[in-house]
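Chains A and B supply the protein sequences, listed in that same order. So for the first sequence, my numbering puts the first residue at 283; every next one is plus one. So for the second sequence, my numbering puts the first residue at 11; every next one is plus one.
Using 25 angstroms as the maximum straight-line C-alpha spacing, the simulated DSS-like pairs for lysine-lysine come out as follows:
no. : chain 1 : residue 1 : chain 2 : residue 2
1   : A       : Lys469    : B       : Lys37
2   : A       : Lys372    : A       : Lys469
3   : A       : Lys338    : A       : Lys313
4   : A       : Lys338    : A       : Lys446
5   : A       : Lys313    : A       : Lys446
6   : A       : Lys432    : A       : Lys313
7   : B       : Lys76     : A       : Lys338
8   : A       : Lys432    : A       : Lys338
9   : A       : Lys313    : A       : Lys371
10  : A       : Lys446    : A       : Lys432
11  : A       : Lys446    : B       : Lys37
12  : B       : Lys76     : A       : Lys313
Don't read these hints as lab results, they were simulated from the structure.
Okay, here's what each chain looks like letter by letter:
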Amino acid sequence: MEQEEEQRWIERARQGEADAFGPIVTAYQRKVFNFIMGMTHDPTMADELTQEVFIKAWTALPRFRGESQFQTWLFQIALNATRSWGRWKKIGLARFVSLSEPAETEETSGPQALQVADAHPDADPSRQTGTAALQEQLSRAMDQLPLREKEVFHLRHYEDLSLKEIAQLMGIAEGSVKAHLFHALEKMRKSLGGSSNDL
Amino acid sequence: MTCESWGPLLAAEIYGDNSAADQRALKEHLAACAPCRAQLESWRIALAPAGSRQAQVDESFWIRQKASIMARLPERSSGGWLVRGRWLAPVFAMGLVVMAGWGLHWHSVRRDLPIAQNMDMLQNMDMLSHLDVLEAMDQTEEQ
Numbered sequence: 283m284e285q286e287e288e289q290r291w292i293e294r295a296r297q298g299e300a301d302a303f304g305p306i307v308t309a310y311q312r313k314v315f316n317f318i319m320g321m322t323h324d325p326t327m328a329d330e331l332t333q334e335v336f337i338k339a340w341t342a343l344p345r346f347r348g349e350s351q352f353q354t355w356l357f358q359i360a361l362n363a364t365r366s367w368g369r370w371k372k373i374g375l376a377r378f379v380s381l382s383e384p385a386e387t388e389e390t391s392g393p394q395a396l397q398v399a400d401a402h403p404d405a406d407p408s409r410q411t412g413t414a415a416l417q418e419q420l421s422r423a424m425d426q427l428p429l430r431e432k433e434v435f436h437l438r439h440y441e442d443l444s445l446k447e448i449a450q451l452m453g454i455a456e457g458s459v460k461a462h463l464f465h466a467l468e469k470m471r472k473s474l475g476g477s478s479n480d481l
Numbered sequence: 011m012t013c014e015s016w017g018p019l020l021a022a023e024i025y026g027d028n029s030a031a032d033q034r035a036l037k038e039h040l041a042a043c044a045p046c047r048a049q050l051e052s053w054r055i056a057l058a059p060a061g062s063r064q065a066q067v068d069e070s071f072w073i074r075q076k077a078s079i080m081a082r083l084p085e086r087s088s089g090g091w092l093v094r095g096r097w098l099a100p101v102f103a104m105g106l107v108v109m110a111g112w113g114l115h116w117h118s119v120r121r122d123l124p125i126a127q128n129m130d131m132l133q134n135m136d137m138l139s140h141l142d143v144l145e146a147m148d149q150t151e152e153q
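Same shape as in the complex, but just chain A (with noise of 0.2 angstroms):
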C-alpha cells in the first residue's frame, strides 16, 4: 500500500469508517502474526493476540497523531501484547490474558490453529534439512535471549524495522538498541558456534 493511499484509509478509520480499516489489517495482518508468532511460538495465542492488536488499535486509532509512522505504533501495541502475554504466562495464565473481551469463534479455535501449526515451517520436520535445519537453530538461539534483546533482534531483523522505529516503538535510545543487538548478535553467534562448522 502506497504511504498517500495509507494515510486515507488510517485518515477515514480514525474518523471512525470501519470499512476503511480492512486495507489496513491486510496490510499488517501478516507483519503482526509474524512477529508475535515469533515471541509466543503459539500459532493460536499468535492468530488470537493478532486480532486483539488489531481490535486495541481501531479502538486507540483516534489517538494515533501520526508523530511515529503507523507501522511502528501498530507495533507497539503488538509488543505490549506479547509482554502482557509473557507476564501471564509466567504464572501460568496465559490462555486468559486479554486486551479486551475475545469471543471464542470458529475462526480462533482448535482446527484453524492446527492449520497454522502444520503450516508453520518449524513444525514440519521434511522442511528442517540444510538451510532450514540452520533456520531452526538460528531460531532456537534467538529464542534462548534476553525478552529485549529478543525483541530487538527479531523486529531488526525479521521485520526490517529501523533501530529509529525500534527505538521510537520500546521507548528507548537508538544506541540502546544497537547495544541490545550487538549482545544478542554476540549470543547467538556463541550459542551457534558449538553447532555450526562455519564458525
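Given the coordinates of chain A, assemble chain B onto it according to the supplied hints.
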C-alpha cells in the same frame, strides 16, 4: 576505544544502520583491527541462513482472520469527548475525593465538640481542687 566499545556500531553495520560519520569511523577501525573484522564476518555467516521468518500460512487463514477482526470491531462513536463519556471516570473520582474530604471534615467537627466540653470541665475541676487552698489562705488572713 576498546574493541568491545565498537560492538554496537558493528551490530548496526550488519544492517547498514550506521550514520555516514559512524561508517567512516568504523571503516578506519576495521582496517586496523583484525578481531573486529573477524567478529563482523562471523555474524554475517551466522545470520546468512536466517532469511525471513514468515509463517507459511494458507491464504484462507488471512481471510478468516481479517473477517474475524472486522466482525469484532467495537462501535466507536464519532462524537467528541462529551459524547464518548470519557469525562465520567475523572468526575466520578473527583466526586469521591470531595465526599471523602467532606466526611473527614464533618467527623473532625463532631469530635471537636466533646473535646471542648471536656476541656472546660477539666479547667473547672482544676479550680475546684484549689478551693481548699484558697479557703485556707482566707482563714489565715482573718486570723
